[in-house]
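> As given, the protein sequences belong to chains B and R, one line each in that order.
In terms of the numbering used here, the first sequence has 379 at position 379, counting the first letter as 1, and numbering is strictly consecutive.
In terms of the numbering used here, the second sequence has 658 at position 658, counting the first letter as 1, and numbering is strictly consecutive.
No wet-lab data here; the hints were simulated from the structure.
Model, not experiment: these values are computed from the prediction.
Every residue gets a Cβ at the ideal spot worked out from N, C-alpha and C, and that includes glycine.
Please note: incorrect hints may appear among the correct ones.
[What the hints assert, rightly or not] Stretches of chain B that chain R covers, calculated by requiring three or more beta carbons in the stretch to come under 8 Å of a beta carbon on chain R:
1. 116-130
2. 142-149
3. 288-302
4. 327-335
5. 486-497
[As the list claims (entries may be wrong)] Partial chain B-side listing against chain R, Cβ under 7 Å, derived:
6. Lys72
7. Trp76
8. Leu135
9. Met170
10. Gly235
11. Ile259
12. Asn263
13. Asn373
Listed below are the residues making up each chain.
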Amino acid sequence: MEMRRKALAVILLAVISVVAAEEPAYQVKNLLSAESPTHSRSTEWKPGEGIAMEVSGMEWLGADTLAVSIRKGEVWLIKNALAVDPSEFEYQLFASGLHEPLGVTLEGKDLLVSQRAEITRLQDSNEDGVADAYLTECDGWNVSGNYHAYTYGPERDGEGNLWVTLNLGMGDLANNEIGWRGWGGIIGSRGEFIPKALGMRSPCGLGANLEGDMFFSDQQGTWIPATPIYHLRPGAFYGNQESLASLENPAAPFQLSEIPKPNQTYPEAVNSSKEFMPPAVWLPYNKMGRSATDIEVIDEDGRFGPFDGQLLVGEFTNAAISRVFLEKIEGEYQGACFPFLDGFPAAVVRLAFAPDGSLYAGMTNRGWSSLGNRSYGLSRIHYSGMSPFAMKEMKALPDGFELVFTKPVSLGSLSKGSATMISYTYEYSSSYGGDEIETQKLSLRWGDLSIDGMRVKLEVDGMRGGYVHELRLDGVHSVSGEILDYPDAYYTLNRIPKP
Amino acid sequence: MRWWLGLFFLMGSGLPLTAAPHVVGYERFCADAVSVRGGAILYSELGCANCHGESPVMIARSGPNLMDLSQRVERDWVDAFLKDPASGREGSAMPSMAHALSDEDREKLLAYLSSLDTNPKYPTARHANAEGGSALFHEKGCVACHAPTADFKAPHEAQDSDFPLAVSLPDLAAKTHFKALAAFLTSPSDFRSDGRMPHLPLESQEAVDLAAHLLDFQSSNPRDDAKPLAKWPKVATGQIEAGRAIAKNLNCAACHVLPDLESKAVIEIKNTKGGCLSGDLSISRPSYQLREDQLKSLRVFLGADSKVLNEDPHLTLAAMNCYACHERDGVGGPMVETNPFFVGDESLGDSGRLPPPLTGIGRKLKSEWMKGVLSGDTGKHVRPYLKTMMPGYPGHAEVLTTWLVKLDKEDGLDDWPAEVGDLEAGRKLLGTHGGVNCIICHNWGEKESLGISALDISSLNERLHPEWFRQYMLNPASYRPGTLMPALWPGGRSTIPDVLDGDAEKQMAAIWQFIADGEGVPDGFPDFRPGQFELIPDKRPMIQRTFLEGSGTKSILVGFPGGINLAFDGLSGQPALVWLGRFFDAYDTWFVRKIEFQKPAGEEAFAFGKIETDIRFRGYRVDEGGNPVFLLEHGGKNYEECYTVVGGMLHRKVTWESGDEPPSAHPENVSTERVSANNAVKFLYSWK
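The shape of chain R in the complex, shown without the other chains (with noise of 0.2 Å):
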């Protein structure tokens, strides 16, 4: 393990170790004082609900599946941690055991355990890209939970933060191995049935890549690094016998799935002073190294009417720790630290980097698309741009969406339009032909947009209730502030006239018909050609800067009729590139916002060799033939290389005041032939 990672796993919580619980959502909204929400976190987060009846969150906590833990988790590991599980992970929400279970008692109950194997066949991988797996980690939104690595530095700012709220990873090069650790980052519901750990839409290669960055690898072959995990002992029945006995006592499958036990009956809580938080640790009962004020929010919590917190949204969303990366009406949303680890598409504005506000989320999103979102359906991701995935809550997305559904309930969200609206003023409106240009900033399906490329908004009826959308286009930045979506109703009045009588209600259900309808694209997309927007030299010389390959960011293209052409690099001050045949397509350089190095349009390129010394571009002239003659300076000396072509042949004319020769280079696979002058020597560049 390189030192930074250790470092990394003591300090990057920023918390002093302490065996305490680490609930992220209480210590996010509830540590500052004691109240009955931070209780309520507490008492499903560590599972006490599990035990004593009634999660006010919507999905219960449970512990991980201990199947296949002889295949997976490496035994010493299991062992120190069921003595003390915060010496495992630190801020565990595992109870410490410790005092009810005797050396003996803790081998028999790993003998049980070892005995829930089914022999699983881990896939193996050839190749790991490590650093692939950090970027990935630091990303797709690992960071929103998890601290990021130590060295990694974070993109916009450069400070040195700490993340005090960060879930804190165990030392997995201790715990697990590779094979086991990407199957499960594959499918981590598999393992973690109750979403704290949300399944990541990964390819099979990036939770190898994944796998092999937590695990720091420094080898792309798994097998230069990857140690095996040491075998569990073989046990007698009788050990497994005596170890199930054990884990019933102790009502493990409370919290984790057992294949063989069941849960007890629930056990109510009689007083809030006794049973677990009293300190009493007669033999069955979990210990929970609860901080003062964690206690004291239990107890409140114990105490208060647990059925009005039912309603209260704010638990589950802060429980599940959605609010790593949403906000909802001003709560969560990514924390000072974490931020600016949410990256996408910067030209966006914040709503190009970070998810969307679960504001009014069930008043927005229609329940199937809902339902699909949760369930981890990535065809119903709508913003590529967004780096950080949004993670999918397989076997809870029916619960969830229902629950959201019911919170935002409102009638009549899909009454809207009242009557059916015109289908062609909807494509004019949604258009650039007198119409309020959504296609300026929005895709349409696979059409680009004309300048920014914010979402696809082609098909946003299968996501949106209509009154929604309506209320939407009224007012965008009463939604989502500081969104870079403009309102094109200002005031709720049209600002285009000849449409609909400048109807603003008619214009809005036009273009929501338009996109219901799917048929058909807005007006305005350009339908050019390709080579529509081609420099074609025909009569005289044409000259066009631009960023080109091969040549660089202050490249001087000319194209001679006859089909040669040159690129001249004015920052080395010497010519780049020459080809033949058709010369350049400007459409790129003239119009696009986000423009690309360029390629010559011609097939055949000779790249010139390069002279390592201090020339300075000066400019051009342009000859009455329309010639470029390009004005140079070397060692303080200012001369000139004028190009023409004549016969099929590049013609370069080097001319200087005294002196010697300016430096030159020449194309590789031409044939060059020199002819020199009085202060001047003229270059032909041929092909056969």
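Just chain B, same shape as in the assembly (with noise of 0.2 Å):
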């Protein structure tokens, strides 16, 4: 019995895998990009020529205009941009003279811009459609002339909180001693910057989910192994030691029960100090990419496909688009993260979706290498009303995982050899990045495939709380066919649920 059912597969997958691969699920429009990673800097520039739209912010005003901030300081609207042909986008210069400004957030009428040493308020009184008064919204952190000293958002959260995250610095100049480097915080009400949370390192992209919680990536470095992707709390404290100085600020919002030490596992760090918050998420290093940017909750009633509810993840390096599926177990965010999209010509640093539900990837290349090898670029990402085939959840259950598909899949498909598991973890240490440490196989077994064919359990043996859980599906196909989009997922296991 077991041999003609398996032989029956066999034959269904050689009939079923000539089925033609559809136009895929997203398809993506360069809308512009630059000729060469260096066509910014152009001989034949002059002030007050040509846009260098090195995207290090997008906003979307109304129905059809979308403002982008650029590294070298300007705020650009792009008005009729959701038009087919980029040649009918129409530019203008909204701001200008700002100092690397790396957020643009609509409030009210006017734009918020984060400066190195402000949140700018940008208002347009005679509605010329260029900003006439230039508003200091907030300050008050340390700006030392250290090139490294970034100054990220604002982001709003669901209760109305804008944030706003503060890099550390590195190298010349660098002063993480005073002022807030490596914290969190909100503007408060008479524009002073309110500290909330500490222990970041490069917490260039906010975003919130769907319930109005915020969520930030960080990136690998010192204290930092691995990318990773944080819930944005008071009161937390996010691992990098080089923060800790600001602790003895007299408006500093809350100490360090107990500062963790070095050179233990990640899990048992964050089991020595109350406040260490570990990552939702942690995004492998290479596996998925090496520098997580901007975070964008899908939130378009399916007009982007199956994924609403799930955060997508910029990625620099790569200059692709990773997916982050969280559940709460324990009333704490966990969950697992995919790869989503590759192949733009830059880096992918900021990512808005327009009114119409499509997405809109800003890139730039600045100050590092990607495998996209243009400077800058926008591009514009629609569904096609086709889904992929993928995973599209990951959940933990107390002894294993569910899987949860966007169509559903074949029985057949879910042999003993098409699922591979292993789990790691980091050394937390003050060193730049680190390994993946007590790898360990795991056995899986397949459990019991829901009716409708779109769930189905695996069993893990030995499963590790604080662990990351690698899964890799290989040969698992949908009843028609399909191929999975990606076959990797990495599952945070921050808690295992309790049965």
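Two chains, two frames, some hints: make the complex.
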């Protein structure tokens, strides 16, 4: 019987696999990109001419205008930005002379932009399309003159708080000893920066989920072994000890009950300090790219495919976008990340959903190399209406994981060798990045496939709390013979659900 | 001596004071369990091989050169050291000969040593910077082997660490004197030829500064702190001859180079229970105060077939302490406690501060290059961002190179590429006009990269075997996990379909060819002219924020048509600088990642006085003419300062709602005229 069923599956597969690949689920259209990575510094350029669209912030204003801040210090309004033909875009310089703005947010009729030393409210009081007031909205952090001391945000959470995150300085002139370097906080009612959480290194991406909870991405580097996505909330410590100095400031909102000791495993370090908050999701180095950027929730009622409620995360080095599924276990977020889209013309730095449900990706390669070989660009991603065959969700269970697919899975393809899993963690240390350690191969068993074929349980022996559980599915296909868009998923199992 | 220096010598090593020899390669890798390897390292590093033959380590351990001792080392120190080496330097590998030397014999031996004098002249230094020396000591790599000075705080991580594996230093002030120590640091290999204290590429002034630090000088004039060496007494010829006879009998020449003595013939080891390890100190045997584990490992080694060990790279790398800085095949590399002292360019990640791995080094580097590196040729140092210096091993470079090449031997390392690469494609691929963008991160000769500053790749064909280069390109992380170098041909596939038909092999060959050809520059370095990004306010004022010297990190620069320019300091809420002529070159502010403080483009600058008061900057409006109106708050009241240029004068109009006039200061050497009105005042600044 067993034999016969297998044989049937093989025949079925052989028949079904001839089904031609349909049009891709997501179509990427490059709206504009540089001729080269140095395009913005062309010899032909003169002040006042051309746009070096090194995107550092994006916000949609109304139905068809996209506001874009760029690294050199300008904010542009792109009108008619939903036009199919980008030559129909109209560009309007809205603000200039800014100091490295890295985010832009609409606030009433005004735009808030970050600059190195402040958050600035750009007002267009005579409504001629050009800002005529650059008002200090929030300040109060240390700016030493070090290049690495960036300012990110502001980004609004569900309660209306505007969050700002502050990069650590690094190298000459760096001073992380004072002024909230490595902290995140909100803008106070009198324009003051209210510090809320610490332990950040290079928190360059912010974004709220559907519940309105804020998340941020950080960068592999000192104290941070791989790329993390964290739930941002008051009272949390995210591990980077270079930010501890500001705890001595009388305005520090809290103290750490315990400073975690380095050179222990990450879960051990997390357990040693009650404020230490682990990433909701680790994006393992190289496997999921190298440098996460913006976070954008999918809230499009299916217009962007079957992943509503999930987070999209920009990826710099690989010029890609990743996808993150989150769930709450014992009141805390954790979940899995999946590769999603790649092959963009430059490093994906900012993401914004347009009013029509398409996604705009803003790009710049400034300072680093990426697999995208243009210095900047703007791309638009449309959902074709044809769902990809993907692992939609990976949910933790007391004794394994439940996998939710976007389409019914072929039972026959869930063979013994089709799923493999390893688990690992990292060392908590001041080193720059860290290897996967304590890697174990886990033994797996497929459980029952749901009647609709969309859900299956994977029983796992020896799950370890606090560890990343890396799943790989090979040969799993849908009932119509499609193979998975990506075979890998990475679940950060901070907590194992109780039975 | 400052109190902490004493503590450092006592506690720095973290070990209880013990007479047992401290062999770092053994303590780090072999002290946990008895092993042949551990014994082999001890056999080499305790100098056993010097009497008994067959060193398992590529470069035999020797004792220091004893020439000119009477010009370099205090006689009392030598005397005490001969009685008990561990009292001179904790963990010294010098065996005790006390049992074989009466007080009279020691006098004779010292007389003999004092006769080995060539009357050297050590250079005099007029200036010594002990603080600079401390920076060198803690940054340049000394701390890889020696404990840091006790009150020095490591970068990154302010943990209080012990340094149990550190090679201790003697009490240098008691042992030697300033000039001799500086001479030693200038060229350690003249005094210690076995490379255990390797040759450091120090400038002579750096050696002086380092000596001043090690001797804890308080003054920058060495004459204030340096104390001369006590003169060794004159001795009679008979004493010298008697001392020479003792040295000959004790076989000192086995380990130390002595001009008129030769080592005795190799003494065969008959059994591993007797002899030097037996504890039976008959007259000429050296006495090693070995711990039980050391003794056991030595015995196991002596009982084993030592030839098996000759191919073991671990022994030499551990014995020479290459592992202090480098790892090979996952062994060695900086330790938890020394790691934070390796500093460099953090923007390159750990590769920007840690020395490269030695895994497969014989496959990686061409042997001529490797020989140059090992001989101490600083022209072969390609990572200027690493603060830690690669030391040299003069006299041993050839042997070490041959050995490393043989270890990693692989055929065909220079056979790739089979076909000559396409030069023009190589230029394109290295560059940024549709290439893989190497020059975004890597310097190219004199040209700085466009982003982070990773090592110069313009001549890597001189260093690398091409086949190694090819394999590295395909998967950089397999050589150095965690490297920032991306796999540019992920999965062996090209991301550039329009060059050489997207053929990864041909593309890599083209890159190699272009580098090897040595002509030309990759596409994409911005060919900008100086001043190309100069902001020229010819019609309306221009405003740009930046970091500006003399004005600070929140500077709002305003250039007015007509050549008058202003920097307003947004932190103090006051004007900071006014200058005449050209306004500002925005290139760095707009495009350079590692921006530094900028300067005005014009020459003549005048600083405003600064009032120490609490003014809150609330931003600025731009009026219809493009002039800035700064919005300020002082004492709970709002006011404005509007700047315009009228008739070659800078006008500063201050208006407030009610009450007192807000505070203001004015530029020096500038003519200031004041015009008052109701709740407003205008200052007119003019130049002759």
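> Hint by hint, say whether it matches the structure.
Verification of the supplied hints:
Residues of the stretch 116-130 of chain B lying with their CB closer than 8 Å to a CB of chain R number 5, which satisfies the three-residue condition for coverage. Coverage of the stretch 142-149 of chain B by chain R holds in this model, with 5 residues showing a Cβ closer than 8 Å to a Cβ of that chain against a need of three. Judged by the Cβ-Cβ criterion of 8 Å, the stretch 288-302 of chain B is not covered by chain R as claimed, because only 1 of its residues qualify and three are needed. Counting residues of the stretch 327-335 of chain B whose beta carbon lies closer than 8 Å to any beta carbon of chain R gives 0, which falls below the threshold of three, so the coverage claim is violated.
Note: the stretch 486-497 of chain B has 0 residues with beta-carbon separation from chain R under 8 Å; the three-residue rule is not met and the coverage is violated. Taking 7 Å as the C-beta contact cut-off toward chain R, the hint placing Lys72 (chain B) at the interface holds, the least distance being around 4 Å. Residue-level restraint check for Trp76 (chain B) is violated (minimum Cβ-Cβ distance to chain R is 15 Å; threshold 7 Å). Nearest Cβ of chain R to the Cβ of Leu135 (chain B): about 4 Å, under the 7 Å cut. The hint holds.
Interface hint at Met170 (chain B): satisfied, since its Cβ lies 5 Å from the closest Cβ of chain R, which is below the 7 Å cut-off. At about 24 Å, the closest approach between the beta carbon of Gly235 (chain B) and any beta carbon in chain R exceeds 7 Å, and the interface hint on this residue is violated. Checking Ile259 (chain B) against chain R: minimum C-beta separation of about 10 Å lies over 7 Å; hint violated. With its C-beta approaching chain R no nearer than about 6 Å, Asn263 (chain B) sits inside the 7 Å limit, and its interface hint holds.
Annotation: Asn373 (chain B) was flagged as interfacial toward chain R, and the flag holds, the nearest CB pair being 6 Å apart, inside 7 Å.
Violation of the numbered hints given earlier is confined to hints 3, 4, 5, 7, 10 and 11; the remaining hints are satisfied by the structure.
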